[in-house]
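These are the residues of each chain, in order.
2 protein chains.
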Amino acid sequence: MKSFDERLPFVLRHSSIARVDGDRIYTLDRRKYPFEVLFYEMRDSLDIYRAIKDMVTQGGGPLELSLRYLSTLGDKDFDYIKSSVDLIVFARPTNTQMKRTLYGILERFGSKGIKELAENAIAYYDFLYDKVSDYGETLIDDGDSILTTCFAEHTFFLSLIKAREKGKNFRVYVSETRPYMQGSRLTEPSLRELSFDAMLIPDSVGPHLIREGKITKYMTASDLAFKSLKVVNKIGTLSNAIAAKVYSIPYYAFSLGFDDRSEESLVIEERDGDEAKRVNGVRIASRESRYLYPAFDVVDPEFVSAVVTPDGIYRRDAE
Amino acid sequence: MKSFDERLPFVLRHSSIARVDGDRIYTLDRRKYPFEVLFYEMRDSLDIYRAIKDMVTQGGGPLELSLRYLSTLGDKDFDYIKSSVDLIVFARPTNTQMKRTLYGILERFGSKGIKELAENAIAYYDFLYDKVSDYGETLIDDGDSILTTCFAEHTFFLSLIKAREKGKNFRVYVSETRPYMQGSRLTEPSLRELSFDAMLIPDSVGPHLIREGKITKYMTASDLAFKSLKVVNKIGTLSNAIAAKVYSIPYYAFSLGFDDRSEESLVIEERDGDEAKRVNGVRIASRESRYLYPAFDVVDPEFVSAVVTPDGIYRRDAE
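For the protein sequence lines, the chains are U and G, in the order given.
Quick note: the first sequence uses this note's numbering, first residue 1, plus one each step.
Quick note: the second sequence uses this note's numbering, first residue 1, plus one each step.
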């Protein structure tokens, strides 16, 4: 039996997300993958901040990278560690999982060393991924055509891996996910690496396929999920979630746990529109054009069939 | 008062769509605009076929280009003209407007010369554009935020131009329209050329803005419209039309006339997915990946508020 890590695609392995070598830390540059396999070098929290802000790594990457960085700070005092954390969490305002986890470690600082606290947190996330995917696997049926958006990472990939191990066959349609193309560059190559039946589509094609009956389930990660089943995820999620409801297929969002803040305090990151005017460094819109690029969709509970968590599957009450 | 043609943006002027010079005919290469302003040279029907097939021009461009080409065939016999038409209409199976118009001209061949028939048809389309936009203008209110997909050409632009002439102010959000980026490359630059308030968005952002109340109307052209108000238009139309319905804003589709074929005979063009793996010639997905790219959405009548035609505005019965 392969280890937890070995079953995952290259992009999601611990050694790709954060590898310590001497006084440096390296992360796979997800902006360049799969066209180039380059590791981005960092030394201090400002480097980490920049890497996260510039999307060198994204999704769950920033959290694991930050934890791995903290694990190297065994010889630093609390103030040094706290100011590092303050800087890092500032890089992506919508990533409350990272914020909660890193500040949680600061609160427990002293009970154990920072190295042990950070490494325990990494191991705990592996445990959560495993739990979520145990539930996620049960939602996949033999013969499914699953649509996904962006890069749903460990929970989604482990759900697929476990479903296949139980003999289920299925296809995965992947939205390319403009403007960063996480679907084209991370999800589809990772599915192909693991020999899954994968098909890329432009972001606009999901509702079309759903209408035609070619999709049986829509599944994504979530950047935030609330107990109401309101879900925040990558822009593009809403259009497919609405179409799923209209054409009567389920939408399942994966989450490592519900957010306990008030939904009203939600901060939706609006990224620089100029980022969207280039793809792989090439201009695709005029320099003079104005470009609006909100990074996340808010999906209201009426369009969410269930949220899959480490504690089980929370379904919307039958209507 | 500027002429009909002078009020239009550069891309839509007769001299950009089809210009005859000696034994050559030229069309603005819409694949390269606005990054390069290049005219594509053609001599015979095979060149025209290739230009249309390869999307050198698209939307209403193929029809006007074909008509202008036919107008140069005054010294050819019926068989030559017919075989040219047969070839040209084969280039884009969903473009039934072109098919109907060109075969209609063949039917009337002999009553007048091909030059006069073709030129009359071009003038007749200008008349239709003018009529549709007279109705379209009435649907635009001062203060509107209009979302559009792809490049809705004459009818949409003339509606906007006429609305502004009546003192109405509004903003237009433009979906970039992967994979060809007609929104980024044709609609937004053309709106900017005419000093309209225009904002580009990735295709996935429309439903997000509609949910947030930032869009008051969704408007597109249509490649086909049926009396039932079923509409066929560029892929990406469905997601916004569904969101418009769910969040209670109207969706208006512009049409030069209803298609009288049976809806069951609908042929939806599926284009080569490899086209979608490049943007402006640059690879954005792996060579090995499979890419599904259906070119058109079918929007069911429940999601269409009205179809705007030369004969008036056909509204869905109030529910």
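Just so you know, not all the hints are guaranteed correct.
Residues on chain U that point at chain G, a partial pick, calculated with CB under 10 Å [to be verified]: (1) T177; (2) I201; (3) D203; (4) K217; (5) T237; (6) S239; (7) G257; (8) F258; (9) G281.
Don't read these hints as lab results, they were simulated from the structure.
The structure presented is a predicted model; accordingly, all values stated were derived computationally and were not measured.
All C-beta atoms in this analysis are idealised placements derived from N, C-alpha and C, irrespective of residue type, glycine included.
Hint check results:
1. T177: holds (8 Å)
2. I201: Cβ of U:I201 sits 5 Å from chain G, so the hint holds.
3. D203: Check passed: Cβ of U:D203 comes within 4 Å of chain G, closer than 10 Å.
4. K217: Hint on U:K217: violated, closest Cβ of chain G at ~17 Å, above 10 Å.
5. T237: With Cβ-Cβ at 8 Å, under 10 Å, it holds.
6. S239: It holds, given that the least Cβ distance between U:S239 and chain G is near 4 Å, below 10 Å.
7. G257: violated (25 Å)
8. F258: violated (21 Å)
9. G281: holds (8 Å)
The earlier numbered hints that this structure contradicts are 4, 7 and 8.
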